[in-house]
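Asks: What follows is each chain in one-letter form.
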Amino acid sequence: MKILVPVKRVIDYNVKPRVKADGTGVDLANVKMSMNPFDEIAVEEAIRLKEKGVATEIVAVSVGPQKAQETLRTALAMGADRAILVQTDDEVEPLAVAKILKTIAAEENPGLVILGKQAIDDDSNQTGQMLAALLGRPQGTFASAVTVEGDSVTVTREVDGGLETVSLAMPAIVTTDLRLNEPRYASLPNIMKAKSKPLATKTPADYGVDTTPRLKTLKVAEPAARSAGIKVADVDALVGKLKELGVA
Amino acid sequence: MKTLVWVEHDNASVKDATLAAVTAASQLGEVHLLVAGSGCASVGAAAAQIAGVAKVHVADDAAYANALAENVAPLVVSLMADHDAFVAPATSNGKNIAPRVAALLDVAQLSDILSVEGPKTFTRPTYAGNAIATVESTDAKLVITVRGTAFAKADASGGSAAVESVSGAGDAGLSRFVGAEIAKSDRPELTSAKVIVSGGRALKDSDTFKATIFPLADKLGAAVGASRAAVDAGYVPNDYQVGQTGKIVAPEVYVAVGISGAIQHLAGMKDSKTIIAINKDEDAPIFQVADIGLVADLFNAVPELTGKL
Ligand SMILES: Cc1cc2nc3c(=O)[nH]c(=O)nc-3n(C[C@H](O)[C@H](O)[C@H](O)COP(=O)(O)OP(=O)(O)OC[C@H]3O[C@@H](n4cnc5c(N)ncnc54)[C@H](O)[C@@H]3O)c2cc1C
Ligand SMILES: Nc1ncnc2c1ncn2[C@@H]1O[C@H](COP(=O)(O)O)[C@@H](O)[C@H]1O
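Chains V and U supply the protein sequences, listed in that same order.
First residue of the first sequence: 1, per our numbering; consecutive thereafter.
First residue of the second sequence: 1, per our numbering; consecutive thereafter.
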């Protein structure tokens with residue numbers, strides 16, 4: 001069984017995003033970029049399935065600028081077997097990414113596509129569900145456990161009230177939540193080896209997908225700022241404040 | 001414009017998150033509701049009472065019992081022939097179903113909206129709430145999820161909508177619900193609580209978390225939340241997590257105990273009315289957003305505070 005893992009290059013999660021002064025977006029010039037944290041978890045899960053003998057090949061895909069190659073190399077260094085860069089400098093919305101992935105899935109026939117549950121830049125939480133819809137396949141979103149048994153996969157999902165378990169007919173789409181696993185670091189020898197693993201470069205047009213945005217961004221603004229308040233000296237003062245607030 | 005709102009429920013009662021979605025939908029036009037469930041007639045009846053609702057569609061079928069997206073999305077799509085917008089609360093079910101609907105309709109989804117600015121224009125948070133985007137849809141139909149804390153709740157009573165039963169294709173045969181472990185608690189629910197006490201990594205372990213945070217929460221009649229670090233370390237279950245990838249909360253008072261204030265945590269609670277932080281590190285980032293801060297060792301301060309309330 002093959003596993004397809006879409007990985008997105010995003011602002012590093014440790015960096016505080018700054019809105020551009022002209023209100024057109026977030027300033028990404030000279031900002032550290034990394035693989036979307038949920039996608040690292042997706043790559044890790046695919047590798048573990050391969051290590052268990054459930055999967056035979058892992059294909060990482062990224063839709064993005066030329067620099068997204070670095071993200072794919074990271075996936076290869078972690079343990080993916082080959083990579084596809086669908087190169088474009090445009091911002092591609094989840095629907096168009098899902099359409100590109102649909103065509104790739106039709107070519108590659110993966111038993112599982114494992115995506116992150118959300119990209120930490122657009123915070124959309126859409127692509128996996130959209131891909132599942134376009135392929136007419138089931139979806140196990142927000143996964144905290146994934147078990148393949150024959151031609152079905154059991155997914156434990158993190159839901160509002162706790163956990164839920166579903167059984168899906170394969171091929172299936174899974175999106176990862178934070179507690180699915182702890183991604184490994186790529187070792188130096190593996191980073192070296194990754195340089196010679198195959199990486200194909202394509203364009204959205206190769207897959208016949210129009211990436212024109214459907215949503216027009218009119219403005220991007222900082223949220224209303226919260227100013228730091230006061231510090232109280234001791235617990236008694238805090239009790240007083242809670243009483244003023246009417247909660248004690 | 002006619003909107004169809006997906007009703008979050010447990011086949012017995014309407015969940016609160018639906019009411020905020022109704023408010024958002026009512027800013028777009030006529031509000032219809034969809035109650036898809038199994039043995040859910042009482043939910044349909046309750047939904048018809050929600051103020052401002054014109055019609056309730058009830059789809060009662062075993063296939064809809066557990067809100068499986070594979071079964072619910074085609075049902076929604078069939079009803080969308082007659083509606084201009086699909087609106088769901090940004091709950092785990094809403095987030096699971098809505099994008100599946102959007103893709104089947106070939107439209108882009110607007111996730112987690114904070115406000116309705118025009119018939120096709122909305123604000124929504126990006127980058128963990130550090131950048132608020134104003135976006136306009138160019139699609140013929142809209143698919144939207146609504147952040148519960150950003151809209152007032154519609155009145156659960158006072159309405160008298162017509163109830164109509166509808167049917168869909170039922171079981172798509174792709175997925176099966178196996179079971180759920182839903183935590184039960186006597187405390188207020190996190191997303192609707194007036195006061196929340198949250199604990200972080202500093203709470204050491206599950207027993208210490210319970211012995212320290214729970215008594216304070218009980219004194220304040222508060223819900224209990226946690227940082228991701230506290231959840232990952234197993235102090236409390238996953239449904240306690242507040243943040244970018246956990247629950248979004250906006251209570252009257254949020255008390256952060258032993259939480260550093262990472263941007264991913266702030267994303268889930270910085271719209272709280274009053275933020276109180278207890279942390280032993282006076283430079284902890286949480287103090288940059290806290291209205292009231294106490295620099296102290298929580299293991300002294302929290303028991304003392306609980307004792308004095
Ligand atoms: C993709 C992604 C998504 C994430 N989503 C979330 C999310 O939804 N929610 C979330 O919370 N996090 C999230 N995180 C994690 C986040 O980045 C932080 O790691 C996490 O919030 C830290 O939790 P913490 O504040 O409890 O722990 P720490 O950062 O370790 O802070 C512990 C604090 O306790 C204080 N302390 C220690 N001992 C005491 C004492 N005795 N008395 C008083 N104070 C004490 C310390 O000074 C410190 O400030 C996410 C991360 C990623 C990468
Ligand atoms: N441009 C992209 N390239 C590759 N994968 C992507 C891209 N955009 C989204 N994804 C995948 O879809 C997931 C959810 O993203 P989103 O729907 O944008 O929140 C991510 O975690 C990735 O796995």
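Source of the hints: derived by calculation from the structure; they are not laboratory data.
Quick reminder that beta carbons are idealized off the backbone N, C-alpha and C, glycines included.
Some clues are possibly wrong.
Okay, the calculated bits of chain V under chain U, using three or more residues with CB under 8 Å as the criterion [what the hints assert, rightly or not]: (1) 45-56; (2) 64-77; (3) 120-127; (4) 174-182; (5) 187-200; (6) 203-216.
Asks: Hints first: check each against the structure and report whether it holds.
Replies: Each hint tested on the structure:
With 0 residues carrying a beta carbon less than 8 Å from a beta carbon of chain U, the stretch 45-56 of chain V misses the three-residue requirement, and the given coverage is violated. Chain U is given as covering the stretch 64-77 of chain V, and this is violated because 0 residues of the stretch bring a CB closer than 8 Å to a CB of that chain, at least three being needed. Here's how the stretch 120-127 of chain V fares: 8 of its residues keep a CB closer than 8 Å to some CB of chain U, so the rule of at least three is met and the hint holds. For the stretch 174-182 of chain V, the stated coverage by chain U holds: 3 residues have a C-beta nearer than 8 Å to a C-beta of that chain, and at least 3 were required.
For the stretch 187-200 of chain V, the assignment as covered by chain U is violated, since 0 residues bring a beta-carbon within under 8 Å of that chain's beta-carbons and 3 are needed. Residues of the stretch 203-216 of chain V lying with their CB closer than 8 Å to a CB of chain U number 4, which satisfies the three-residue condition for coverage.
The structure is inconsistent with the numbered hints 1, 2, 5, although it conforms to all the rest.
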